[in-house]
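In case you want the letters, here they are:
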Amino acid sequence: MVRVYLVLLLSIFLPAHSALAEEGDASSPASRGGPSGKPFNPDTSVNFLGLGQYGSAISNDRTQTTHNGLTLQEAEMQFTSDVDVYFRAVALFSVSQKANSTDYGIDPEEVYLETISLPNITIRAGKFKMALGKHNQLHTHAFPFIDAPLINQLLLGSEGLNESGISADALIPLPWYSEFTLQGISLANDTLYTSRSSGDFGGVAHLKNLWDLNDSLTMEFGLSGTAGNNQYGKNSSVLASDLTFKWRPTVGGKYRALIWSTEYLDGQRQGMVSTTTGESQQKLGGIASWVQYQFAQRWYGQGRYEYVGLPRSPGVSIQSKESALLGFFPSEFSGIRVQYDLIQNQARPQTDHAIALQYNVTIGAHPAHAY
Amino acid sequence: MNKLFFLILSCLFVFPNLAVAKLHVVTTLTDLAAITKEVAGDEATVESIAKGTQDPHYIEAKPSFMLKVNHADLLISIGLELEVGWLPSLVRGGRNPKIKQGELGFLEVGPLVNPLEVPTGSISRAEGDVHPDGNPHVTLDPIRAGEIAGIIADRLSALDASHEALFHGNAKKFQDRMKQKIVVWKERIAKSGVKKAISYHKTLTYFFDRFGIKNSAILEPKPGIPPTSAHVMDVIALMKQEKISLIMVENMFDPTVTNKIINDIPAARAVTVPVAVGGEEKIHSMDDLYESLVKAVEGK
Numbered sequence: 007m008v009r010v011y012l013v014l015l016l017s018i019f020l021p022a023h024s025a026l027a028e029e030g031d032a033s034s035p036a037s038r039g040g041p042s043g044k045p046f047n048p049d050t051s052v053n054f055l056g057l058g059q060y061g062s063a064i065s066n067d068r069t070q071t072t073h074n075g076l077t078l079q080e081a082e083m084q085f086t087s088d089v090d091v092y093f094r095a096v097a098l099f100s101v102s103q104k105a106n107s108t109d110y111g112i113d114p115e116e117v118y119l120e121t122i123s124l125p126n127i128t129i130r131a132g133k134f135k136m137a138l139g140k141h142n143q144l145h146t147h148a149f150p151f152i153d154a155p156l157i158n159q160l161l162l163g164s165e166g167l168n169e170s171g172i173s174a175d176a177l178i179p180l181p182w183y184s185e186f187t188l189q190g191i192s193l194a195n196d197t198l199y200t201s202r203s204s205g206d207f208g209g210v211a212h213l214k215n216l217w218d219l220n221d222s223l224t225m226e227f228g229l230s231g232t233a234g235n236n237q238y239g240k241n242s243s244v245l246a247s248d249l250t251f252k253w254r255p256t257v258g259g260k261y262r263a264l265i266w267s268t269e270y271l272d273g274q275r276q277g278m279v280s281t282t283t284g285e286s287q288q289k290l291g292g293i294a295s296w297v298q299y300q301f302a303q304r305w306y307g308q309g310r311y312e313y314v315g316l317p318r319s320p321g322v323s324i325q326s327k328e329s330a331l332l333g334f335f336p337s338e339f340s341g342i343r344v345q346y347d348l349i350q351n352q353a354r355p356q357t358d359h360a361i362a363l364q365y366n367v368t369i370g371a372h373p374a375h376a377y
Numbered sequence: 114m115n116k117l118f119f120l121i122l123s124c125l126f127v128f129p130n131l132a133v134a135k136l137h138v139v140t141t142l143t144d145l146a147a148i149t150k151e152v153a154g155d156e157a158t159v160e161s162i163a164k165g166t167q168d169p170h171y172i173e174a175k176p177s178f179m180l181k182v183n184h185a186d187l188l189i190s191i192g193l194e195l196e197v198g199w200l201p202s203l204v205r206g207g208r209n210p211k212i213k214q215g216e217l218g219f220l221e222v223g224p225l226v227n228p229l230e231v232p233t234g235s236i237s238r239a240e241g242d243v244h245p246d247g248n249p250h251v252t253l254d255p256i257r258a259g260e261i262a263g264i265i266a267d268r269l270s271a272l273d274a275s276h277e278a279l280f281h282g283n284a285k286k287f288q289d290r291m292k293q294k295i296v297v298w299k300e301r302i303a304k305s306g307v308k309k310a311i312s313y314h315k316t317l318t319y320f321f322d323r324f325g326i327k328n329s330a331i332l333e334p335k336p337g338i339p340p341t342s343a344h345v346m347d348v349i350a351l352m353k354q355e356k357i358s359l360i361m362v363e364n365m366f367d368p369t370v371t372n373k374i375i376n377d378i379p380a381a382r383a384v385t386v387p388v389a390v391g392g393e394e395k396i397h398s399m400d401d402l403y404e405s406l407v408k409a410v411e412g413k
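Sequences listed follow chains X and Z, in order. For the first sequence, the working numbering assigns the number 7 to the initial residue and increments by one for each residue that follows. For the second sequence, the working numbering assigns the number 114 to the initial residue and increments by one for each residue that follows.
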């Protein structure tokens with residue numbers, strides 16, 4: 007009797023959507039495979055960034071990854087496909103200049119699989135950009151400015167917190183969009199952790215909330231953090247918070263939009279000291295706030311202010327940076343941006359200036375960027 | 114004890130399920146929402162992701178839309194790569210296995226209604242935002258809208274067999290109404306004498322095709338590329354040569370580009386038109402939308 011009841015109960019609640027689903031979309035483009043006729047090949051795209059820059063604080067040494075002059079900043083090759091009924095896979099390889107060399111090397115920037123059949127939750131495994139703050143999750147070609155914020159570079163390194171690990175994110179059943187992410191990561195990041203023990207694992211937790219203030223305006227607020235052992239056998243941690251307002255009117259939204267985003271990172275690196283002065287560099291915090299205004303269908307103007315040293319240990323220099331950017335995007339697949347930076351660094355006697363021109367090109371079937 | 118246990122289980126699971134038995138349908142566009150409401154009547158709740166004033170190619174994949182998708186029993190889209198820039202992100206972020214491609218809860222209607230302008234041979238992005246599987250603005254043809262109603266009725270019936278007769282009956286009513294009205298609309302357009310028109314984008318292709326109007330030129334030099342001065346001059350020359358006097362600018366685009374044309378050809382008429390339900394406040398249904406377009410052709 008109990009068995010019969012359970013079978014009945016299961017038949018009521020389990021989804022019964024397989025039979026008709028198979029016949030439903032037989033003529034859809036995806037199922038036909040589109041014009042290529044190769045439906046099971048992954049979506050493939052290549053993005054590359056060309057950069058010409060000159061800055062008074064930037065090296066003239068061509069073997070430095072950041073140097074004055076012309077360079078191919080980065081190329082990214084991305085392959086994306088559903089694996090089967092249960093998983094989707096992403097493989098993204100980055101080609102960029104090797105340190106202390108003029109040669110280029112290829113690295114697996116993100117290679118992971120994630121579930122596509124679980125309700126309300128996504129589980130991911132592989133190497134990927136960790137859910138720490140907002141900027142850390144962006145690929146280079148999607149950066150709002152040509153360079154990453156100073157605090158991200160100083161705390162997390164040039165590649166950001168991009169590690170091997172596992173991740174689970176779930177929608178929290180609230181009236182607004184609320185997503186909680188929990189990640190277990192290897193501690194290989196060479197700026198924040200560099201843990202010598204391969205058995206060491208760290209963690210990342212992220213709570214993302216987004217409210218529609220009206221049809222044209224959203225507010226996003228995120229809190230996140232990471233912690234784990236570092237190369238000194240002690241603990242490193244970062245707490246991050248971000249707040250973003252996005253406005254795009256439902257009437258005339260092709261021509262006008264505004265984004266204001268602010269992100270604060272507060273790092274603690276126990277045991278870290280300056281290699282030159284021996285002073286503690288344990289505390290390192292900083293903020294970046296930027297505005298982007300779209301004033302025509304293909305034109306954007308942007309401004310950014312950054313401050314590093316909030317809080318700081320004695321071995322950390324206070325830095326501030328002001329940037330202005332003008333962007334022209336002929337289509338969603340190409341863009342040209344020019345950026346000017348004014349930089350103050352406590353460790354340098356003079357104010358520094360930098361100007362950069364970047365072109366950004368995507369070919370192939372590139373997935374849309376996150377909102 | 115066992116009885117009590119099963120009673121509690123039943124209360125927990127069965128009664129809430131009965132309370133939310135109505136299907137929840139999410140559509141990408143307001144036109145699809147309007148057609149679905151015609152078909153479903155009161156037996157489904159229906160909401161659209163895009164607004165009628167927005168360009169459906171460029172909707173932002175807001176996380177709040179993921180919540181809508183998360184709760185959906187059925188997700189209806191056009192397909193034909195109209196929503197390719199944003200819908201996949203919403204489906205992934207929605208984490209709802211019911212509306213994945215290939216499942217019963219996922220329905221693309223565009224490929225099922227004989228799309229126009231399907232490119233032949235190889236295509237390239239040098240041609241602009243070309244749709245490899247055909248023009249996706251299928252809902253602007255009242256006959257195809259009727260066909261879409263039938264497709265939606267089939268899918269709603271598969272999801273909720275108890276209302277199959279209602280869904281198919283409503284779809285038939287909508288199809289019949291469109292067939293009746295189209296006779297009148299055709300007469301009115303024939304009477305207006307308009308046989309050629311210019312549009313900003315290839316949005317009105319299906320409307321023009323159904324009503325025998327030739328879409329002689331597009332203000333965009335290539336799909337997705339804003340008008341250039343040189344191209345506008347070419348359009349002016351063509352309008353003079355072929356005596357074209359009507360420009361219809363879809364209201365998500367900047368209509369000021371037509372000022373130069375009207376200055377050069379004072380006899381020409383430029384009208385800004387809604388191209389989706391909700392594109393203007395007074396457009397509440399597909400009937401309102403077609404009526405508005407017919408009036409724009411008539412100059413009323």
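It should be emphasised that the hints constitute simulated quantities derived from the structure, not laboratory data. Any given hint could be a false lead.
Calculated cross-link-like contacts (lysine to aspartate or glutamate; reagent style EDC-like; alpha-carbon spacing at most 16 Å) [stated by the list, open to error]:
1) Z:181 with Z:194
2) Z:181 with X:185
3) Z:335 with X:338
4) Z:164 with X:185
5) Z:181 with X:221
6) X:260 with Z:173
7) Z:181 with X:218
8) Z:213 with X:221
Which residues of chain X face chain Z? A partial, calculated answer using Cβ under 8 Å [unchecked claim]:
9) 128
10) 221
11) 257
A short list of chain Z residues far from chain X (calculated; beta carbon distances all over 10 Å) [to be verified]:
12) 156
13) 175
14) 355
15) 375
16) 409
Each residue gets a CB set at the ideal place from its N, CA and C atoms; glycine is no exception.
task: Find the hints from earlier in the document that the structure breaks and name them by number, from lowest to highest.
output: When the structure is compared with the hints, numbers 1, 4, 8 and 13 turn out to be violated.
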